[in-house]
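Chains as they are written, first to last, in my numbering: chain D, 1 to 616; chain H, 1001 to 1256.
Because the hints were derived from the structure by calculation, they are not lab data.
By construction, the Cβ of each residue, glycine as well, lies at the ideal position given by its N, Cα and C atoms.
Worth double-checking, as some hints may not be accurate.
[Unchecked claim] Beta-carbon label-pair distances, calculated as ranges:
no.	chain 1	residue 1	chain 2	residue 2	range
1	H	F1117	D	A590	35 to 41 angstroms
2	D	L393	H	F1117	18 to 24 angstroms
3	H	A1011	D	T169	52 to 58 angstroms
4	H	F1117	D	V279	55 to 61 angstroms
5	D	R612	H	G1186	31 to 37 angstroms
6	H	G1012	D	A507	32 to 38 angstroms
7	D	V80	H	F1117	51 to 57 angstroms
8	D	T169	H	E1235	54 to 60 angstroms
9	H	F1117	D	R307	15 to 21 angstroms
10	D	R612	H	G1214	42 to 48 angstroms
11	D	W610	H	G1186	35 to 41 angstroms
[To be verified] The following residues of chain D were derived to be distant from chain H, with all beta-carbon distances above 10 angstroms:
no.	residue
12	F100
13	G121
14	D191
15	V265
16	L329
17	Y334
18	G339
19	G442
20	I508
21	L541
22	G571
23	L585
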Amino acid sequence: MAGTGQILIPLLTGLADAAGLFFVASGLTVIFGVTRVVNFAHGSLTMLGAYCGWSLISRLPPTPLGFALGALATMAILAVIGAGLEIGLLRRVYRAPELFQLLATFGVVLMAQDIVQWLWGVEDLALRRPPWLRAFVTLGGARFPRFDLVVIALFPLVFLLLWLLFTRTRWGRLVRAATEDREMVAALGVDQRLLFTSVFALGAALAGLGGVLMLPDASANLGMDLTTVTDAFVVVVVGGLGSLPGAALASLLIGLLQAFGIMLVPRATLALVFVVMAVVLVLRPNGLLGRPPGRDGGGGEARALVRPAPAVLRRFGLAVLVLAALAPLFLGPYALAVGTEMLIAMLFAASLHFMMGPGGMASFGHAAWFGIGAYASAFAVHLLAAPMPLGLLLAPLAAGATAALFGAFVVRLSGVYLAMLTLAFAQIVWAIAFQWVDLTGGDNGILGVWPARWAAGPRGFYWLALALAVAGTLGLRVILAAPFGHALRGARDSRRRAEAIGLPVTAIQLAAFALSGAQAGLAGGLYAYAKGSVFPTYISLGHSVDALLMVLLGGVATMSGPIVGALAYTGLYDVLLSATSLWRLVLGAAIIVLVLAAPEGIAGGALKLWQRVRPA
Amino acid sequence: MKPLGPVLAVAGLAKSFGGVAAVREVSFAVARGEMLALIGPNGAGKSTCFNLLSGQIRPDRGAVFLDGEVVTGLSPRAIWRRGVGRTFQITATFASMTVRENVQMALISHHRRVWRFRRPARQYFAAEADVLLDPVGMRDQAGRATGELAYGDLKRLELAIALAHAPRLLLMDEPTAGMAPAERGGLMALARRLAAERAIAVLFTEHDMDVVFGVADRILVLDRGRLIAEGSGAEIRADARVRAVYLGSGATSGGH
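Make a model of the complete structure from these sequences and hints.
The structure is reproduced here in structure tokens:
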């Protein structure tokens, strides 16, 4: 009967997808549960697993046994890599704030991309598929790959093995105890280092397994790190951070939803997963099976004192500003175009810093506001035939209004959950830009967003960007020093105290979120006119990560951080891009060195040096 | 003119969590300038009682009156607006600000200046902040980072913050917890003096019995959610039920 096949096949496809999601996500959730590290490099480990698996399995006999041996060997290799990563890098940053751990793992992501490309090349590597891998079974009148049945069978098997490992062994009990209360386990004299290293090795091995099992149906490719880690994050967050059964449940939910979603709403497949995550987080802020994080130590966290900029810094800033304003007189068009991009990046980074530093709300999806601003300007040009000033006005308005609307859900959350909800929203916006081709042109974007004649030349537009970006960035600084900014910072420092002195914490955070979104939108609008075109890539995860890197590079705790970070990042990027083909490797290594040497960021490190030279 | 009668009156307050009664039919009152201690063994319902008064949780039954006005079920913010200051068992301050800026923040909130976006916050109410820091002995540290203060100094800063909106009632949850025994008396003597000068009613919970009997005008004893005794230090000391709870005929109650 064709009828049963219509239900059965998507059901099985969904289960196979769910299994693949679970292998990767289980490793991520176990690592987070114990070490509290948000491991952005988990997708890179999966990618490494796929590539290692490809190399091993193509050299082994093309039998099921050869495949199994290759998979096991890959898991062993990944376990060693994971342990090495933990010992060499993460162990040194456990005490650093969450965001710096994130920055360190971003560094690993960048390095892994170049290392994999250097070792295996840029081609997608598909496995030669022997007959047993190509075999189908016929179910309800439809054909289904036999290998996927194996993957489905592995899902409960791996889950059961992990379950037994965590409940029946002493090691597992220690891991669960450490998930509950790290300090207590340390106080009981358990060697935490060994525990953490072994947990990381296990997580990496699971990531490797996930990577290998992707080979028969897809291929090893260089884009899989970010797509995998995004999916895995969704699963982990929907299930509840650190919860293994949660990860299994969420994998099932999302795998099945995707499989049936393609049949029901083919136009919205890309957004569907993130809509599910957003709904789950709105209804259950800690995921399906997660528990609330310990919130607000009441100011116990060490926070650097924020002081007004010293006179020297103000004079230096003014000198740089004058120099920047005079730049068009002695720089060529290319340098001015780079300068324009740097200015826009500065505003973009400053807007993220506003909500992330003083606001304490880290965003993984800040590119959403940038993109909404850019598309608003493009729509203004194409649909309204609006002049540029109106287009540039609509950009922050559209982004700010959307941020205010969406922020109402976001500010109820905190920490990683908040960051993930922003990511979900950015992915939904991206999916709309990508899939609603009639309106947005899809992948081809919207072209012909040209500036007004008076700002059409590189000089004119540079000056426009300088005026707006500097005004926007300094405006945010002024707000941060004003009562509103202090209240925002106070709510971050201690929510309890903020509420106890009558500060409307939620309203303050929502306003900050909207303001931040509006400024990012202005940056996006400027960028649209600078480039003359708008593409979905403006909203991509990679672009959000760019903003995060700029802010973290500069330093979250200082007010000048985002400015320094944006200029350093775009500068470094341009220099590296022209100097070496391995720019990601160098940039990633530079980020890691920076995290280990100057965890306060560039501006933070400079401030520390300054205070050492000149005691206050 | 302030109305006569107690600043805080509590009538038949009750709260259960999943069938377990944490606070049962508790009634009491605090007068202007009075120091009232709320004591009891662990799990007696002191914290729940406190959270009911400051608006963190809603009672199942009963009412809370501030100068005769019903404030039951209002949000913490609304209750603070009506003149209730509070300090926490574990200090809660803004670590990225100076001592003065912490007090300024409370003043900014009190004077409804939070939604200001231009003039720097440090220009708001700086002199008033110093006036509040003076009596708690923190004025000479006004420019220091809050994050680097000694714990006793943090406690005194919290007191200054709690007094910023000239409250009529001050709620102090375990005010001397975490302090060196030698410092405890000093802090409570300070609170007592300020309360008397400004005619503020003070309700505090406390584990250190030397502190309780040293500064409290009156003492309430809670046990398993019920008010079992009320009176002066001497009366409480002589109360048989209190002795039973604290000195232990019942092993279930714990005690000191």
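Evaluated hints:
no.: 1; hint: H:F1117 to D:A590: 35 to 41 angstroms; in the structure: holds (37 angstroms)
no.: 2; hint: D:L393 to H:F1117: 18 to 24 angstroms; in the structure: holds (19 angstroms)
no.: 3; hint: H:A1011 to D:T169: 52 to 58 angstroms; in the structure: holds (56 angstroms)
no.: 4; hint: H:F1117 to D:V279: 55 to 61 angstroms; in the structure: violated (34 angstroms)
no.: 5; hint: D:R612 to H:G1186: 31 to 37 angstroms; in the structure: holds (36 angstroms)
no.: 6; hint: H:G1012 to D:A507: 32 to 38 angstroms; in the structure: holds (34 angstroms)
no.: 7; hint: D:V80 to H:F1117: 51 to 57 angstroms; in the structure: holds (54 angstroms)
no.: 8; hint: D:T169 to H:E1235: 54 to 60 angstroms; in the structure: holds (59 angstroms)
no.: 9; hint: H:F1117 to D:R307: 15 to 21 angstroms; in the structure: holds (20 angstroms)
no.: 10; hint: D:R612 to H:G1214: 42 to 48 angstroms; in the structure: holds (46 angstroms)
no.: 11; hint: D:W610 to H:G1186: 35 to 41 angstroms; in the structure: holds (38 angstroms)
no.: 12; hint: F100; in the structure: holds (17 angstroms)
no.: 13; hint: G121; in the structure: holds (49 angstroms)
no.: 14; hint: D191; in the structure: holds (30 angstroms)
no.: 15; hint: V265; in the structure: holds (41 angstroms)
no.: 16; hint: L329; in the structure: holds (33 angstroms)
no.: 17; hint: Y334; in the structure: holds (38 angstroms)
no.: 18; hint: G339; in the structure: holds (29 angstroms)
no.: 19; hint: G442; in the structure: holds (40 angstroms)
no.: 20; hint: I508; in the structure: violated (7 angstroms)
no.: 21; hint: L541; in the structure: holds (30 angstroms)
no.: 22; hint: G571; in the structure: holds (29 angstroms)
no.: 23; hint: L585; in the structure: holds (36 angstroms)
Hint violations for this structure: numbers 4, 20, all remaining hints satisfied.
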